[in-house]
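Sequences listed follow chains X and V, in order.
Take 1229 as the starting number for the first sequence in the working numbering and just add one per residue.
Take 8 as the starting number for the second sequence in the working numbering and just add one per residue.
Read the hints as simulated data drawn from the structure, not as lab findings.
Everything numeric in this text was worked out from a predicted model, so none of it was measured.
Any given hint might turn out to be false.
[To be verified] Here chain V is said to cover these stretches of chain X; the calculated rule only asks that three of the stretch's residues, wherever they fall, bring their Cβ under 8 Å from a Cβ of chain V: (1) 1278-1286; (2) 1295-1301; (3) 1304-1314.
[Unchecked claim] Lysine-lysine pairs mimicking DSS-like chemistry, simulated, CA-CA at most 30 Å apart: (4) 32(V) x 19(V); (5) 1296(X) x 247(V); (6) 200(V) x 1296(X); (7) 134(V) x 285(V); (8) 134(V) x 1296(X); (9) 1308(X) x 98(V); (10) 1296(X) x 325(V); (11) 240(V) x 1296(X); (12) 285(V) x 326(V); (13) 247(V) x 134(V); (14) 247(V) x 277(V).
C-beta: ideal position from N, C-alpha, C; glycine also.
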Amino acid sequence: MDASVYSNREQGGVVNVTLCAPLADLFPGAPRRLKLSAANVNEMVDGLDEQWPGMRDRICDTTPAIRKHMNVFVDGRRAKLATPLNAGADVFVVTAISGG
Amino acid sequence: MGENVLVVVGTKKGVFVASSDAARKDWKLAGPYCEHWPINHAIVDPSDGTIYAGGGSEWFGPAVWKSTDKGKTWSHSSAGMANAAGEEPIKAVWSLTASPDGTLYAGVQPAALFKSTDGGVNWTEVKGLQQHPTRKDWMPGGAGLILHTIVIDPKDTKRMWVGISSAGVFFTADGGKTWEPRNKGVRADYMPKDQRYPEWGQCVHNFALAAGSSDRLYQQNHCGMYRSDDAGKTWQSIEKGLPSTFGFPSAPHPHDADTVFLLPLNGDSKGRYMPDAKAAVYRSRDAGKTWSDMRKGLPQENAFFGVMRQAMATDGMKKAGVYFGTSGGALFASNDEAESWSTIAEHLPAISSVETATLKA
Chain X
1229 MDASVYSNRE
1239 QGGVVNVTLC
1249 APLADLFPGA
1259 PRRLKLSAAN
1269 VNEMVDGLDE
1279 QWPGMRDRIC
1289 DTTPAIRKHM
1299 NVFVDGRRAK
1309 LATPLNAGAD
1319 VFVVTAISGG
Chain V
8 MGENVLVVVG
18 TKKGVFVASS
28 DAARKDWKLA
38 GPYCEHWPIN
48 HAIVDPSDGT
58 IYAGGGSEWF
68 GPAVWKSTDK
78 GKTWSHSSAG
88 MANAAGEEPI
98 KAVWSLTASP
108 DGTLYAGVQP
118 AALFKSTDGG
128 VNWTEVKGLQ
138 QHPTRKDWMP
148 GGAGLILHTI
158 VIDPKDTKRM
168 WVGISSAGVF
178 FTADGGKTWE
188 PRNKGVRADY
198 MPKDQRYPEW
208 GQCVHNFALA
218 AGSSDRLYQQ
228 NHCGMYRSDD
238 AGKTWQSIEK
248 GLPSTFGFPS
258 APHPHDADTV
268 FLLPLNGDSK
278 GRYMPDAKAA
288 VYRSRDAGKT
298 WSDMRKGLPQ
308 ENAFFGVMRQ
318 AMATDGMKKA
328 GVYFGTSGGA
338 LFASNDEAES
348 WSTIAEHLPA
358 ISSVETATLK
368 A
């Protein structure tokens, strides 16, 4: 995977982030795959929002929590904002099943 | 120099834009825009032709989309459109109004009013409405607790009315700092018999200022149709001569304060489609005293569709155009004040809003 490293937080290793197409398409220029450093999912969302202002509002509500019909998976397990990230983790941000 | 008419259509799967010259006979349809988001209300700012579309995605939450090039390119934002941590998050945008003073207002679910002074990029809440003492007791209507109608007096933009289902109509004269309910004379049939005219709590569906007026309003309610001649302080029923007391939109004529168009459905508990399954727009030329059913060119059999609260509009042409969109995805147009009708589109997604703009060609 050839992706730039976004954000250089002092704590937290570099993780591999994959954005689903419907999310990436809302932000012109946003790649589907990228690397950024973050110690937990909340920091990862901050890193995304710094690069593409407004992306936090699309992934999270103001509870704050990951939106009801969005999912974040860390190394294959469904995560919350507080879920810690280890260096090298694979993080997928995807739309959940929603009908209509 | 001629004029172009834009009809901007909000649907369950994005925004469509229909355009025509001043004759309004041949229409060109473009879209869908806004990445197929469910859009509750799309408007055109008459001052500069900017299109704004408010809605809410089950995936991505509420946002206001914006296009400054008639739909070719879009951006979106909900920055600042937030409730405090721990409170119920905002689910969707339900109404938009561009004030002549340059402010853009958005009504959201759960019911609250936001404003933007930078063209929809950043939003702040108009907090006075939330501080009204009745706020804690507001009850949601069928679509949730939504602020779905925002009306601004163009002669004094600090005077505003909002419609909330089902808290009723609220008015401010100071730009949103303080509000008072304005529902006197409006029925609430769903309340016990001795409580059917409360100060607030009515299920307002839609209302609008009459042409050129700061005081005359036409309202379609869940329980009847009304006119106010005193800025909403008191309301008179205008439902006599109409086929039901139920409907969603109200569309005043753009130049004549005595002319208004309504679209009654068959009734609250009867399916909420066209009366006898025959489509008609009802027009009054005398401020609601008498009504004519306008149905030439509209389907007169098997019309089992509804028309939602923002889904009928007039244009600003001398001989006014009238437009409405259906829950079945049909967009109807009249270029002669509802005398005759044609179809702009038949198979769009469910239509939630129809608004127009008349722009220099």
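Comparing the hints with the structure gives:
1. 1278-1286: holds (count 4)
2. 1295-1301: Coverage by chain V holds here, the residue count being 4 at a Cβ distance below 8 Å.
3. 1304-1314: violated (count 0)
4. 32(V) x 19(V): Distance ~26 Å between residue 32(V) and residue 19(V) Cα, so the pair holds.
5. 1296(X) x 247(V): Violated - the C-alpha atoms of residue 247(V) and residue 1296(X) are around 46 Å apart, more than 30 Å.
6. 200(V) x 1296(X): violated (41 Å)
7. 134(V) x 285(V): Given pair residue 134(V), residue 285(V) is violated - Cα atoms ~44 Å apart, limit 30 Å.
8. 134(V) x 1296(X): holds (27 Å)
9. 1308(X) x 98(V): holds (20 Å)
10. 1296(X) x 325(V): violated (48 Å)
11. 240(V) x 1296(X): violated (42 Å)
12. 285(V) x 326(V): Roughly 25 Å separates the two Cα atoms, so the pair holds.
13. 247(V) x 134(V): Distance of about 39 Å is beyond 30 Å: violated.
14. 247(V) x 277(V): holds (19 Å)
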